[in-house]
Amino acid sequence: MSRSRNFWLAVIVVLIALSLWVDLSKTISITSPTNGAALFNLNTDIRLGLDLRGGLQTLLQADVPSCAAVDPNELNVTRQILESRANALGVSEVTMQVAGNCRIVAEFPGISNPEQVVAALQQTGLLEFVDMGSSPVPVGTVIKTDYGQTATQPALTGTAQSPTAIPNSTATPEPLATATAIANTAPAATAQPSATQTAPATVYHTVMTGAALDTVNVQTSSVGQYEIAFTLKSNGTQVFGDYTTANVGKYLAIVLDKKVISVPVINSAITGGQGVIQGNFTADSANALAVQLRYGSLPVPVKVVESETVGPTLGAESVRKSLLAGMIGLSVVIIFMGLYYRLPGILADLALVTYSLISLMLFKIIPVTLTLPGIAGFILSIGMAVDANILIFERLKEELRSGRTLRQAIDLGWSRAWPSIRDSNSSTLITCLILYIFGNTFGASIVKGFSINLALGVLISLFTAIIVTRTYLHVVLDNLKLDEHPNWFGL
Amino acid sequence: MNIIKNRYLYFLISLLVIVPGIIFMAIHWVNTKEGPLALGIDFRGGSLLEVQFAGKLPAISDIQTIYNKYQSTGGQSLSDSLIQPLGTDSYSITSKDINDATKGKIVADMQTLSGSTVTVLSFNNVDPAVGAEVTRAAVVAILMAAVAILLYIWWAFRKVEHPVRYGTAAIIAMFHDVFVVLGVEAMLGYFLHWEADSLFLTALLTVIGFSVHDTIVVFDRIRENANIYRRVDYEVMVNHSVVQTLDRSINTQLTVMFTLFALALFGGDTTRHFVIILLAGIFSGTYSSIFNASPILVVWENREWRTWFRRKSEAQPGPAQ
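Going line by line, the protein sequences match chains E and B.
Under the numbering used here, think of the first position of the first sequence as 871, with each following residue one higher.
Under the numbering used here, think of the first position of the second sequence as 73, with each following residue one higher.
Extracted from the complex, chain E is given alone in its bound form (with noise of 0.2 angstroms):
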């Protein structure tokens, strides 16, 4: 007995130790006595939730018309391009997650422009090439072409491409479409008077798509003009060179996500596989159109259902409030089990520090992201810690006044507790089960994150009120003649 309590003192004092210096440090590194390299890296800053350091939340979903047609790894794909494109906007630190079938939560902390973002994410992306023969359609009409539906008129260069598909392009070059050239001297066509009948029947052409394109940049015209560079890979430059040789003259449309975005003529036959896309273009737009070609479209298209931003100020005030609340509470407790449980009470006290200490610490190296709910969950999960050790007190005083000696009182409460601290935390941790399953699958983080850290706290108070307050209470006994002061027990 003595030995296993020697035991878990070390144990204690060991992670004691150990999340104090997690716990006071922004980061842990090792680095190798022999040459100083690292060898051990690890952040452990605390993670706030969008709700406590601001930022936006979305919730991206398939916009498809069921949910069970959605490819598990076309959504993935999805996510990455989705992420790639964030990540080329310059937004730091976006966090991607699938959830269930068909959806994506998409977080952006400390984000100023959330309009445009998302707005420039949820662009499929979808860049064709279109034939408008000899009559083009005024610039930001939305037209239909033949690409992605069944080809309702073969391909006129021959290359019928698989006719439902959405290019997978962040995989293999497909060779999906015949290449078109832009005429890259031709001025943009914006606005032709001449074009004002929509005609919306008309299905035109889809000559080639983005899939094609090698290269993508930004650049400016000699004019001042935002626009955009590409080259093209060579089975596309192939095609872009037949057809800009068979249709000098005619007009060829530029069209993003079937809308239209510039119609050139195409003065000459480019066989090069350089192009340009002239628009009415802003810095901005035009770069967040080359990132969308550079990434590719998305296998999946997707449409925000669900957008959440907060404001930095409200989650400071929240994060100030909620310790305040946090600390008050802790201390009521702290005193209310002194007082009424006397040496054990305060003693239990000491294992609730010990128990906040190791809490903090797995928080910040699993990491868990810290929200409001999440907070809310883990001053709860004291509340249950300090029932586990309520339980035990209560049994231990029963069984000093049916008249054990203290040692015997102290091993038979524990064991005659168990049951019940055993039974009652597992119906807790089943709760918790259900709740991170339905978080998870509707991406709700708040409920996610609120039962992820009920769970954790609920097993860390296990481990504190079965070992930790049972540790210090043999450790007082061996050391302090107590056992003939029943009232320091609250009898």
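Be aware that a few hints might be false.
What the hints assert, rightly or not - Taking lysine-lysine pairs in the DSBU-like style, the calculated list, with each CA pair at most 30 angstroms apart, reads: (1) E:Lys-1128 / B:Lys-141; (2) B:Lys-177 / B:Lys-141; (3) E:Lys-1173 / B:Lys-177; (4) E:Lys-1191 / E:Lys-1173; (5) E:Lys-1267 / B:Lys-231; (6) B:Lys-141 / E:Lys-1173; (7) E:Lys-1129 / B:Lys-231; (8) E:Lys-1128 / B:Lys-177; (9) B:Lys-141 / E:Lys-1191; (10) E:Lys-1014 / E:Lys-896; (11) B:Lys-141 / B:Lys-128; (12) B:Lys-128 / E:Lys-1129; (13) B:Lys-77 / E:Lys-1267; (14) E:Lys-1173 / E:Lys-1267; (15) E:Lys-1014 / E:Lys-1191.
Unchecked claim - Estimated spans, in silico, between C-beta atoms of each pair: (16) B:Arg-344 / E:Ile-1235: 30 to 40 angstroms; (17) B:Ile-85 / E:Ile-898: 36 to 46 angstroms; (18) B:Thr-160 / E:Ala-1099: 49 to 59 angstroms; (19) E:Ser-1005 / B:Pro-157: 17 to 27 angstroms; (20) E:Asn-876 / B:Arg-344: 45 to 55 angstroms; (21) B:Val-236 / E:Gln-967: 37 to 47 angstroms; (22) B:Pro-157 / E:Asn-911: 47 to 57 angstroms; (23) B:Gly-159 / E:Leu-1303: 53 to 63 angstroms.
I should point out that these hints are in silico values taken from the structure, not numbers from a laboratory.
Since the model is a prediction, treat every value here as computed from it, not as a measurement.
Note that CB positions come from ideal geometry on N, CA and C, so glycine has one too.
Based on the hints, put chain B in the right spot on chain E.
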């Protein structure tokens, strides 16, 4: 102390709390035809924008005029938006769901209107279809939790006679607490226009966990005493167990209440609704585990329902048979 003897009195007290709650839920349902509770945008879909004005706070009607210019994502008018002042320099505006682009335009218009900086404190937008789905899933989550806990208790008490009774009694006590929480929410919704959001759901699920946690502690003592006092009448044994665990129940309740009171008083507006619901639920959870769950076991053991409708002596059934 004899708690079990007065069991019908305690059942009556529970009904006195639950029935008004149900009445308020019915009132809401009849008035709005939408359901028993005023749901927040998390469940119903819609948009909530909180903005702070650096300069003079514009009039509500001016804000409404701005909203009237725009349309929801589904193309509906925003003329039924609810605009409420938030402190002295901010507005909280609930409307049909709008996308981020529309929100940007609205904030820009507010900026022009007030002639000073407008800060977005928070913006939350939920597609109505998603909201409806989340509501369904929330109900499923609660039922799933109930079934899982019932099965766990059944298993944990498998060595006692009639283990299923313990599980069932715990679940009845749990639904008691669910109804108390829903009732309190309905009343708060009626008087203070509070809406049930996803934090409310989190609170409700916590109450469920805590309620069962509390009930199990009492049942565990019954399980233990059932083996010790084999000759004692079941009713006496259950009462003895409840009294033995009373100190613990009250002390645990107190410590949780302390932290919750601290959160309610100092924790700020964001969590106040959440904490008040938790307070009501945790109190109910302790009450139901002492005054409902264990008495139900006795009622079941005595099969007292056979005497319920026989005579007028409903309040004093005494030991049946």
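Now the hints, each set against the structure:
Between Lys-1128 of chain E and Lys-141 of chain B the alpha-carbon distance is near 27 angstroms, which keeps this suggested pair within the 30 angstroms criterion. Distance check on the hinted pair: Lys-177 of chain B and Lys-141 of chain B sit about 10 angstroms apart at the alpha-carbon level, within 30 angstroms; holds. The hinted pair formed by Lys-1173 of chain E and Lys-177 of chain B meets the criterion: a straight-line CA distance of about 19 angstroms does not exceed 30 angstroms. Pair hint Lys-1191 of chain E plus Lys-1173 of chain E does not hold up; C-alpha atoms about 35 angstroms apart against a cutoff of 30 angstroms.
Between Lys-1267 of chain E and Lys-231 of chain B the alpha-carbon distance is near 27 angstroms, which keeps this suggested pair within the 30 angstroms criterion. For the given pair, Lys-141 of chain B sits about 23 angstroms from Lys-1173 of chain E by alpha-carbon distance, which is consistent with the 30 angstroms threshold. A C-alpha spacing of about 70 angstroms is found between Lys-1129 of chain E and Lys-231 of chain B, which places the hinted pair above 30 angstroms, so the restraint is violated. With a C-alpha separation of about 24 angstroms, the suggested pair Lys-1128 of chain E and Lys-177 of chain B falls inside the 30 angstroms cut-off, and the hint holds.
Between the alpha carbons of Lys-141 of chain B and Lys-1191 of chain E the distance comes to roughly 38 angstroms, so the proposed pair goes past 30 angstroms and is violated. Distance check on the hinted pair: Lys-1014 of chain E and Lys-896 of chain E sit about 55 angstroms apart at the alpha-carbon level, beyond 30 angstroms; violated. A hinted pair counts as satisfied when its Cα atoms are at most 30 angstroms apart, and Lys-141 of chain B with Lys-128 of chain B qualifies at roughly 22 angstroms. Distance check on the hinted pair: Lys-128 of chain B and Lys-1129 of chain E sit about 42 angstroms apart at the alpha-carbon level, beyond 30 angstroms; violated.
This hinted pair checks out: Lys-77 of chain B and Lys-1267 of chain E have alpha carbons roughly 27 angstroms apart, not beyond 30 angstroms. Between the alpha carbons of Lys-1173 of chain E and Lys-1267 of chain E the distance comes to roughly 61 angstroms, so the proposed pair goes past 30 angstroms and is violated. For the proposed pair Lys-1014 of chain E and Lys-1191 of chain E, the alpha carbon gap of about 55 angstroms is over 30 angstroms, so the pair is violated. Range check, Arg-344 of chain B to Ile-1235 of chain E: about 32 angstroms between beta-carbon atoms, so the 30 to 40 angstroms window is met.
At about 55 angstroms, the CB distance of Ile-85 of chain B to Ile-898 of chain E disagrees with the hint of 36 to 46 angstroms. Here the CB-CB span from Thr-160 of chain B to Ala-1099 of chain E is close to 53 angstroms, well matched to the stated 49 to 59 angstroms. Taking 17 to 27 angstroms as the suggested C-beta distance range, the pair Ser-1005 of chain E and Pro-157 of chain B does not conform, at roughly 56 angstroms. Asn-876 of chain E and Arg-344 of chain B have their C-beta atoms about 48 angstroms apart, which keeps the hinted 45 to 55 angstroms range intact.
At about 40 angstroms, the CB distance of Val-236 of chain B to Gln-967 of chain E agrees with the hint of 37 to 47 angstroms. Look at Pro-157 of chain B against Asn-911 of chain E: about 49 angstroms separates their beta carbons, and that is inside 47 to 57 angstroms. Judged by the Cβ atoms, the range 53 to 63 angstroms given for Gly-159 of chain B and Leu-1303 of chain E is violated: they are separated by roughly 39 angstroms.
The structure does not agree with the numbered hints 4, 7, 9, 10, 12, 14, 15, 17, 19 and 23 stated previously, though it agrees with the rest.
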